[in-house]
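Trainee: Chain by chain, the residues:
2 protein chains.
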Amino acid sequence: MSISQKILNVDLGDKSYPIYIGCDLLSQKSFFEDHISGKQVMVVSNTTVTPLYLDRVTKLLGKFNVKVVILPDGEQYKTLETTNLIFDALLKAKFDRSATLIALGGGVVGDITGFAAASYQRGINFIQVPTTLLSQVDSSVGGKTGVNHELGKNMIGSFKQPQAVIIDVDTLDTLSDREYSAGMAEVIKYGLLGNIDFLSLLEANIESIMKRDQSLIIDLIYRSCKDKSIIVSQDEFERGKRALLNFGHTFGHGIENTFGYGVYLHGEAISIGMYMASMLSQFEGGLSQIDVDRIQSILMKANLPTSIKKGVNSENLIQAMSVDKKAVDGNIRLVLLNSVGDSFVTGSYSKENFQKVVSNFCQ
Amino acid sequence: MSISQKILNVDLGDKSYPIYIGCDLLSQKSFFEDHISGKQVMVVSNTTVTPLYLDRVTKLLGKFNVKVVILPDGEQYKTLETTNLIFDALLKAKFDRSATLIALGGGVVGDITGFAAASYQRGINFIQVPTTLLSQVDSSVGGKTGVNHELGKNMIGSFKQPQAVIIDVDTLDTLSDREYSAGMAEVIKYGLLGNIDFLSLLEANIESIMKRDQSLIIDLIYRSCKDKSIIVSQDEFERGKRALLNFGHTFGHGIENTFGYGVYLHGEAISIGMYMASMLSQFEGGLSQIDVDRIQSILMKANLPTSIKKGVNSENLIQAMSVDKKAVDGNIRLVLLNSVGDSFVTGSYSKENFQKVVSNFCQ
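If you're matching them up, the sequences are chains A and B in order. Residue numbers for the first sequence follow the numbering used here, beginning at 1 and rising by one. Residue numbers for the second sequence follow the numbering used here, beginning at 1001 and rising by one.
There may be inaccurate statements among the hints.
Stated by the list, open to error - Okay, derived cross-link-like pairs now, DSSO-like style, lysine-lysine, Cα gap no bigger than 30 Å in a straight line:
| id | chain 1 | residue 1 | chain 2 | residue 2 |
| --- | --- | --- | --- | --- |
| 1 | A | Lys-241 | B | Lys-1039 |
| 2 | A | Lys-241 | B | Lys-1094 |
| 3 | B | Lys-1211 | B | Lys-1241 |
| 4 | A | Lys-226 | A | Lys-241 |
| 5 | B | Lys-1241 | A | Lys-15 |
| 6 | A | Lys-351 | B | Lys-1092 |
It should be emphasised that the hints constitute simulated quantities derived from the structure, not laboratory data.
Go ahead and model the full structure; you've got the sequences and the hints to work with.
Mentor: In structure tokens form, the structure reads like this:
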């Protein structure tokens, strides 16, 4: 393994698995062969990623009985109906419990494929090959899988850990600038919620990072996944500390849901959501103006939005937020900051301050 | 608790739960209140059970915010689409992760509701109130939940343990004779696959059992659930021993699938399937003619079928069996008997004998 490759082991007892991060990993059979136990393999990808990387992956799977399912691309297809396309293909191929799914694509492909793996015959193996920065730093760790419902994002799903995650950073070469920035939102999140050293490193190198310096990218994916895995190892099923990872997400999901899928990329909505949560943290008396400015600055340097497009009304946004999974008996729980790098989960904040933040952002 | 009530604890570490079995349990709040932790409760039932028992159950839930979803009745509705009706209702009610589902009905209601509980917001609590003999002795234990796909039965689902199972045997009063017999197929199964004493008890009391003697029923539900729970505790995710519980099921699922849902009740198909597996066990040289006759006799005394209706062709039946979840890389694994009360799982049996059994049964 060359100097530019890293392995992170996600420690979850008998569900532990490795994340391989490096260049040119999609030319090496062993990453796949080591984690496939049966003969049946189904690669799940989408219409965008298929022409770019599908052949490269199937070429590595010569030992196996390989089938392919190609899903439509886009968050609006992250539904039960699309998941059913995978079930159809698995059953038509007569694949059984020994089959392995390979998710080749971004977060949508990964989330749907993971849910299909969790639910087909009550659970089969799967390997993730995330091809976007967002999915590499976010869905690689934690086992959250699922689909959207018209009344809420990620409302249907499972916790399901993969056998391995293979992150070939070469796949980022084909990513648009907008998608790359959206991925950076989740990277910045790890700095803001608990790792000020990491945030400083991002700030110091943001220009090279935005120019996609590969050794920096490998390092920041590794550190992001590691920060996430430490939290997930302590709280696999999100009964406590793991909720910190939702910093910006309750606001963000509300924004995505209100505008409809496809208007904002997930990372863009999370960027705005983190900035909204920072504002509320300031109104609640915890966060300094200096920290709020620092947060806005790093988001803007990553070419991420910190304000909401026109045309949304604050009541609708609050309504959309109230079906969030962090709600308990109807009370919206939020992740707020004491300072940059120091976050906490709370359901007890001033409802006036909350309303004020939402109104300020809804022009 | 009166003398006619029993409690069985299903031992699954931190997923352990009690099964309450007795008369008139649906008049006692505490069975529900003790196992509901939030305020939000959704009762899931079907059009047949609702007029009989829904009011009785909702009356016990005065402390909670209660909603109801009524599903169409029948195996043909055990689908992803029907599961989505539960998700719709949960989201419209803005129910969050603290919500509890109550499955009030037979196996179909239990399996769908369990899968919805496993998948809504990646997992919420549920309580089972099975109202048929089949669901009381079968789906009460083991956490298998799921739905059918047009290409195979129970192909989509999860392992999900309930908080509690409440079995009020009074609900059997409204069960048709045919449904009652179908439940007896699973009861007899526990005798055949591993408990010859239990089989002898059934044989000795079959007439009173078929007349629905309540104290006998409570005892046989308790013993069936206990036998199943011992096996499930040793192998929650069906990697080994648990497969024994599928005695008769690979043939049975093939029959159900070939005829289409609704022609045979599940227990009826399992009865035929157990008899087919017994025939194959005999052809393979393990099972004696005396044991085969003994098996047919007890099934017939329970008014269960031991032959397949006309009109099915053996190729189609084998085809339908080959998508069974017990298959491994395409090989159909079966549960066979050495003798009554002594079963084993195998993929190595004579394919000629297998063909012969299927042909003999397909007229």
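Trainee: Does the structure break any of the earlier hints, and which numbers would those be?
Mentor: As far as the earlier hints go, only 3 is violated by this structure.
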